[in-house]
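Chemist: Whenever a hint applies, use it, and build me the whole structure from the sequences.
Protein chains in written order, with the numbering used here: chain G, 19 to 465; chain S, 19 to 465.
Be careful, since some hints might not be right.
[Stated by the list, open to error] What follows is a list of derived Cβ distance ranges for each label pair:
| no. | chain 1 | residue 1 | chain 2 | residue 2 | range |
| --- | --- | --- | --- | --- | --- |
| 1 | S | Arg55 | G | Ile190 | 55 to 61 Å |
| 2 | S | Leu432 | G | Pro404 | 25 to 31 Å |
| 3 | G | Glu273 | S | Asp406 | 45 to 51 Å |
Since the hints were made in silico from the structure, they are not lab data.
Remember, it's a predicted structure, so these values are computed and weren't measured experimentally.
Don't be surprised by glycine CBs; every beta carbon is placed ideally from N, CA and C.
Protein chains: 2
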Amino acid sequence: MSAVARLDPTLRRAAREIFQAALDAADPGLAVRRLLRVEDETLNAGRARYDLRRFERVFLVGAGKASALMARAAGRALGERVTGGIINVKDGHGLPLARVECRECGHPVPDERGLDGARRMAELASSATARDLIVCLISGGASALTPLPAPPVTLADKQRTTSLLLAAGADIHQLNTVRKHLSLFKGGRLAALASPATVLTLILSDVIGDDLDVIGSGPTVPDRSTFAGARAVLERFRLWRKVPASVRRRLAEGERGLVPETPKPGDPVFARVRNIIVGSNGLALDAAAARARSLGFRPLILSSTIEGETRDAALVHAAIAREVSDHRRPARRPACLISGGETTVALRGAGLGGRNQEFVLAAAGAIAGLPACLVFSAGTDGTDGPTDAAGAFADGSTLERAAALGMNLYDFLLHNDSYRFFDALGDLLRTGPTRTNVMDIHLVLLG
Amino acid sequence: MSAVARLDPTLRRAAREIFQAALDAADPGLAVRRLLRVEDETLNAGRARYDLRRFERVFLVGAGKASALMARAAGRALGERVTGGIINVKDGHGLPLARVECRECGHPVPDERGLDGARRMAELASSATARDLIVCLISGGASALTPLPAPPVTLADKQRTTSLLLAAGADIHQLNTVRKHLSLFKGGRLAALASPATVLTLILSDVIGDDLDVIGSGPTVPDRSTFAGARAVLERFRLWRKVPASVRRRLAEGERGLVPETPKPGDPVFARVRNIIVGSNGLALDAAAARARSLGFRPLILSSTIEGETRDAALVHAAIAREVSDHRRPARRPACLISGGETTVALRGAGLGGRNQEFVLAAAGAIAGLPACLVFSAGTDGTDGPTDAAGAFADGSTLERAAALGMNLYDFLLHNDSYRFFDALGDLLRTGPTRTNVMDIHLVLLG
Chain G
19 MSAVARLDPT LRRAAREIFQ AALDAADPGL AVRRLLRVED ETLNAGRARY DLRRFERVFL
79 VGAGKASALM ARAAGRALGE RVTGGIINVK DGHGLPLARV ECRECGHPVP DERGLDGARR
139 MAELASSATA RDLIVCLISG GASALTPLPA PPVTLADKQR TTSLLLAAGA DIHQLNTVRK
199 HLSLFKGGRL AALASPATVL TLILSDVIGD DLDVIGSGPT VPDRSTFAGA RAVLERFRLW
259 RKVPASVRRR LAEGERGLVP ETPKPGDPVF ARVRNIIVGS NGLALDAAAA RARSLGFRPL
319 ILSSTIEGET RDAALVHAAI AREVSDHRRP ARRPACLISG GETTVALRGA GLGGRNQEFV
379 LAAAGAIAGL PACLVFSAGT DGTDGPTDAA GAFADGSTLE RAAALGMNLY DFLLHNDSYR
439 FFDALGDLLR TGPTRTNVMD IHLVLLG
Chain S
19 MSAVARLDPT LRRAAREIFQ AALDAADPGL AVRRLLRVED ETLNAGRARY DLRRFERVFL
79 VGAGKASALM ARAAGRALGE RVTGGIINVK DGHGLPLARV ECRECGHPVP DERGLDGARR
139 MAELASSATA RDLIVCLISG GASALTPLPA PPVTLADKQR TTSLLLAAGA DIHQLNTVRK
199 HLSLFKGGRL AALASPATVL TLILSDVIGD DLDVIGSGPT VPDRSTFAGA RAVLERFRLW
259 RKVPASVRRR LAEGERGLVP ETPKPGDPVF ARVRNIIVGS NGLALDAAAA RARSLGFRPL
319 ILSSTIEGET RDAALVHAAI AREVSDHRRP ARRPACLISG GETTVALRGA GLGGRNQEFV
379 LAAAGAIAGL PACLVFSAGT DGTDGPTDAA GAFADGSTLE RAAALGMNLY DFLLHNDSYR
439 FFDALGDLLR TGPTRTNVMD IHLVLLG
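Modeler: Below you can see the structure in the form of C-alpha cells.
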C-alpha cells in the first residue's frame, strides 16, 4: 500500500455524479413534472389517463415538507384548470402557489394551524362531486401536518396518546393503528370524504418499504387496521387506563359500530382513487444505477430498505466490496454497489457526525488497502446528523491518509466522531438542503 | 397473512441440501482427495504438478483440528511413497495414520505435547534435502497446536504475552506480528527450515479473508512483519515493560540482527514452496451456489467475509430479501442469496443461543409476512454457541407461528434466547460435529 495524497479523484467524481442522479430522481418538483403530462385535454399520470373534459373542478390538496414543490409542479402541468386547494407545509417550506393556499404549520409537533388546514381539506373533499378531480400531494411529515382528531378527542389528547405509545416502545404500525382510529383524515378517511370525486394521490415516500398506508398515515389508502386492533395495542402496552378518557370513548364507540370504521381494501370509496409513488429511495436507486451504467460501471442494487446499526450495515457492504475485489462476485469490476434506506446509530461517544458519515467511516476501516474502491453515503435531504455535511467519501487509502495526519480511524469510530475525521481529510460532501428526502443512499464503487 | 402450522417444507429441504453441499466442499478429507491425484508417478495438486520420481522421501507434517483427516486423505493419495511424518491435533481429534504419527495436544491453550510435536516437525524439516517432499496440512487451531518459542522465551512467557495483547484489544494481525517473532515455527520459519526441500502446504481456512499468513500463523508463508514491528505493537499497547524479560530480549536481539528475521516475500527459501487453500468459506459458497442452481434457484453469492454484529448483518440480508420480493433485484425469484463469514454477538441477555440462531431470529422479524422466503444460517462445524444445534430455519410465518405459541420474537431476541425460540418451533438444525470448520453459512431462499 503506497502513500497517496488524496482520495481517488475519478471514483469520487463518479460517486458524486451517481448521487446527483439519485437526487434528481427524488426532486419533488421534477418527479411530479416527469409523471404528469397534459396532452389533448388528457392528463397522463404514468400509465393512468384522465379525460380532463369530464371534470368541472380540479383541486390540489396535500401535506408534507416537499408538498409545496409537488403542488407547484402539478399546478404548472394542469395550468388554468386548477380551481383551488390547500397545502399544509412545515414552517419555512411555503411557496406562493397559483389559486392554491399554501399554509405553514407546526412540525413535528402538530398545531392548530395544521388542524385548521386539515379541516378545510376535509371540507373541500366532502363538497367534491363525481365531476371533480382532487390531486393529493403527500410527502414526508404529512401525518403531523394534518391533525384532525375525531370528537371528542382533542389535539392534546391525541398527542398525549402518541407520546405514551412512543415511550412504551410501540412501532410505526402499532402507532398508526391507534392514530388512524382517532382521526377524521387519516387511514383512507380523506378518500371516503372525497367519494364520489376522482382522487389522484402522488406520494413522495420517505419510509422504509414505501408502505402506502404508512406515508402520511395514508389519507387516501385503504386501511386494514380496526378499532378493536387499536384498543388491543393500547391494552398490550397497558395504556388503556392511561390514555385520555376521550380516546377510550372514541375507540369504544368505534367497536360498538357507533362511528364508522376506516375504509377497508375493496371499499367502493376507493373506486376512483389512485395512489402513485412519484419518488422513493427505490426510484432514486434506479436512477443511480442508470447513471452508474452510463459511467461504465456494472450497477448492482442491493436493497432500498437497509436498516439496523450503521457500522454493522457498513461492514456488510465492505464485505461485499472485498468479495468483488477478491472473487469477482456478486459483480465484476468496474462495479457499483448501490443501496439505500435508513440506518440507526447507537451513540457511544460525544463526537460529531451523522449516520451517513459513520457508515463511511466504518466501511473505510474494512476496505483499507483495497485498490480502487470508494465508499460513499449521504442523506438525500442534504443533511446528516447535526452537521453541515450530507455525507462523506472514503477509499482504500483513507485509513492510511488519516494515520499520516495523526488520526486513528477506530478512535473516531469509537466516539461517533465521523464529521471531524472527514473534515480533516477534506472528504465531506456538502450539498446544502436539497428540498427532498427519500432517506439515504450508499454507494460502493470498484474501478 | 394466514396461519400456517409449520415452516415451508420445500424451502427447508432445499436449504438443508444447499448447506450439505457446502459442508461436503469443506470436508477436510474430501477436499484433499479432490485436489491430490497421483497418475503415472506424477502428483497433481490442482494446476501444480510434481514428478514423484524426483523425491527420495515424502513426509507429512501439519497441525490443526482437521489435519488428521487431511493427512489421511493425503496418505491415501500418496500411498507407499509416504516415508513418515508428524501431525498435531486437538485432544479427541486423533486418527491412526499409516507411517505418520498423529499426536493429540492441548488446544486452545498450548502445552508441552504440542511443543514436542512442533519441535520434531522442525527437526524433520531441517533434515530434509532437495530430494525430499514435505506435504504440510494446516487447518484451524494449528497455531495453538504448534508452539515452538524461540529461546530464551518459554511457553509460559509466550502465553503471558498473548494474554496481555488480547486483554489490551490487539487484533489478529498485531497478535501475529508479535507471536511470529517469538516462534521458531511460524511466520514462514518452517519453510526456511525445510529449504531446499519441496514443500506443498494444503490449507483449510477458517479465517475471514483467507489470509495465508494468518491461518496457523503461516509456517510456510512469507511474513511481512518485522521484529521492529513486534516491538512497536507492544509499545503501542504500553506492554513493553509488562511482558516477560525474555520476550524483550528476543525482540531486541532480533532488531539488532543477532537472530534471523522471519523470511520475507521473495526470499529464496520459498522457491520450492507452494501454499494451496483446499477448503474455505468461499469455496463452500461456490458449492452451495452450484447446488442451489441445480435445485432451480438463481444463486447470488454476496460475500464470504460477513462480519459485524449478528442481528444487524441479518437485517441487511433481510433487506436484500425484501428487495428481491418487492423489486425483483438484485436477483429474481426463485433466488438463493448466499453468504458466509463470522459475525459477533454483543450479549444483552442471559438466554441460550449462538450467532447463527440469532442471525435467523433477527432476520425472521424482518421478513415476517414475506411469502415463500426462508432464512437459514448454520456453523459449518456443526455447533453454534453453547447449544446442541448447528443453526436454524425461519420463514415469513415464523413470527406468527411463534405468537400462536405465546412467544414474542423480539423478547427472545432481546435476551439472546434464540435456541429456546427455535427449539419450541421445531426449527433448529442439528447435524452433530462435522469435523470441519470454514465458519458460518447464511442462506436466504425466495421460492
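Chemist: For every hint, state whether the structure bears it out.
Modeler: Verification of the hints:
1. S/Arg55 with G/Ile190: 55 to 61 Å: holds, 60 Å
2. S/Leu432 with G/Pro404: 25 to 31 Å: For G/Pro404 against S/Leu432, whose Cβ atoms are near 29 Å apart, the range 25 to 31 Å holds.
3. G/Glu273 with S/Asp406: 45 to 51 Å: This hint holds: roughly 48 Å between Cβ atoms.
Hint compliance for this structure: no hint is broken.
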